[in-house]
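Asker: Going down the list, the sequences are from chains A and B. According to numbering that gives the first Met the number 0, the stretch in the first sequence is residues 0 to 139, in order. According to numbering that gives the first Met the number 0, the stretch in the second sequence is residues 0 to 162, in order.
There could be a bad hint or two in this list.
In silico lysine-lysine, PhoX-like type, Cα no more than 25 angstroms apart, as pairs [said to hold, decoys possible]:
#, chain 1, residue 1, chain 2, residue 2
1, B, 127, B, 111
2, B, 4, A, 48
3, A, 132, B, 116
4, B, 116, A, 51
5, A, 51, B, 72
6, B, 123, B, 62
7, B, 123, A, 51
8, A, 16, A, 132
9, A, 16, A, 101
10, A, 51, A, 136
11, A, 101, A, 51
12, A, 48, B, 111
13, A, 51, A, 132
14, A, 6, A, 136
15, B, 62, A, 48
According to the in silico footprint, chain B covers these stretches of chain A (three or more CB under 8 angstroms from chain B) [claimed, not checked]:
#, region
16, 26 to 33
17, 42 to 52
18, 61 to 71
19, 82 to 94
Derived from the structure by calculation, the hints contain no laboratory data. By construction, the Cβ of each residue, glycine as well, lies at the ideal position given by its N, Cα and C atoms.
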Amino acid sequence: MALQASKVQVGDTYTQKLTEDLSRTQIVQYAGASGDYNPLHSDEIFTTKVAKYPTVFAHGMLTMGMTGRMVTDFVGDGRLTAYGVRFTRQVWPGDALTATAKVDAVREEDGQSLVDLSVTTVNQDGDVVVMGKATAKIDP
Amino acid sequence: MAAEKFPIEAGHIMMFARAVGDPNPIYHDADAAADTEPGNVIAPPTFYQASAQYDPDYFLRPKIGEPWFGSGKEPTGVPPTRTGGDGGTGLHAEQRFEYFRHVNPGETLTLKARPGKTWERQGKRGGKLTFSENIVEYFDESGELVVRATGVGVRTEKVVESD
């Protein structure tokens, strides 16, 4: 079910918990599916001894992908026309992530109803890990 | 740099959706997807990034018979190709997608990549930051644009510290 312009208002929000405890295995799973095998995401020895980070961390694109679930659950399947984020902070194994969409505008373009969203995902400390925008076609 | 061709495969979409934690049947169940508005399995919004699987030169995948900068028992000492030498790192700063239609399993997309803008900024914690855009357009077999992906990479002079 897609969103309906008549039932959504500017300022409405939709929130979804993405993970309670991000596993290292999910990060590896994302590496395998996406093809991004950067050792920074799975190789503890490289990440701590060579790159000097405290531990491995998630692909930004994993967080964007997880956040995308919240967006598509909100607007409906196959309705997105644009989705973009900035990666503002690293996501570490064990993080709990919560994603929220806020309705910025409900508008019409060439007879098509559209919704513009602000998208934000925060960790367990309330720090923003990704923030961005999405636009979707919605029903009248 | 990008793959030239990206075959859209149902199994790949299923694995990708699992990896991003999305249980929506439209990404893995053809029968359930038939009853949805798109009418078939579609790809999750960020799936296009997985075209890296089809880039023969993708620098973040170990190549058979070639040195790899990740560790074995201990660090290999192989210089990181593009994650930066000197302790500096290249990271993904931003990603945007524009969608023109859904993809369907069984079709093959053709990719065209081009560099976008480049700019610099002084970082709070990481020294000078250099941003560069890479734009990849995905076309279908009739030459219609399906998706445009714009990635922004950032290179730092030293390791970004996170608190």
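Asker: Now look at each hint and say whether the structure bears it out.
Answerer: Structure-based check of all given hints:
{"no.": "1", "hint": "B/127 with B/111", "verdict": "violated (30 angstroms)"}
{"no.": "2", "hint": "B/4 with A/48", "verdict": "violated (37 angstroms)"}
{"no.": "3", "hint": "A/132 with B/116", "verdict": "holds (20 angstroms)"}
{"no.": "4", "hint": "B/116 with A/51", "verdict": "violated (30 angstroms)"}
{"no.": "5", "hint": "A/51 with B/72", "verdict": "holds (17 angstroms)"}
{"no.": "6", "hint": "B/123 with B/62", "verdict": "violated (36 angstroms)"}
{"no.": "7", "hint": "B/123 with A/51", "verdict": "holds (19 angstroms)"}
{"no.": "8", "hint": "A/16 with A/132", "verdict": "holds (18 angstroms)"}
{"no.": "9", "hint": "A/16 with A/101", "verdict": "holds (15 angstroms)"}
{"no.": "10", "hint": "A/51 with A/136", "verdict": "violated (44 angstroms)"}
{"no.": "11", "hint": "A/101 with A/51", "verdict": "violated (37 angstroms)"}
{"no.": "12", "hint": "A/48 with B/111", "verdict": "violated (37 angstroms)"}
{"no.": "13", "hint": "A/51 with A/132", "verdict": "violated (32 angstroms)"}
{"no.": "14", "hint": "A/6 with A/136", "verdict": "holds (14 angstroms)"}
{"no.": "15", "hint": "B/62 with A/48", "verdict": "holds (23 angstroms)"}
{"no.": "16", "hint": "26 to 33", "verdict": "holds (count 5)"}
{"no.": "17", "hint": "42 to 52", "verdict": "holds (count 8)"}
{"no.": "18", "hint": "61 to 71", "verdict": "holds (count 8)"}
{"no.": "19", "hint": "82 to 94", "verdict": "holds (count 7)"}
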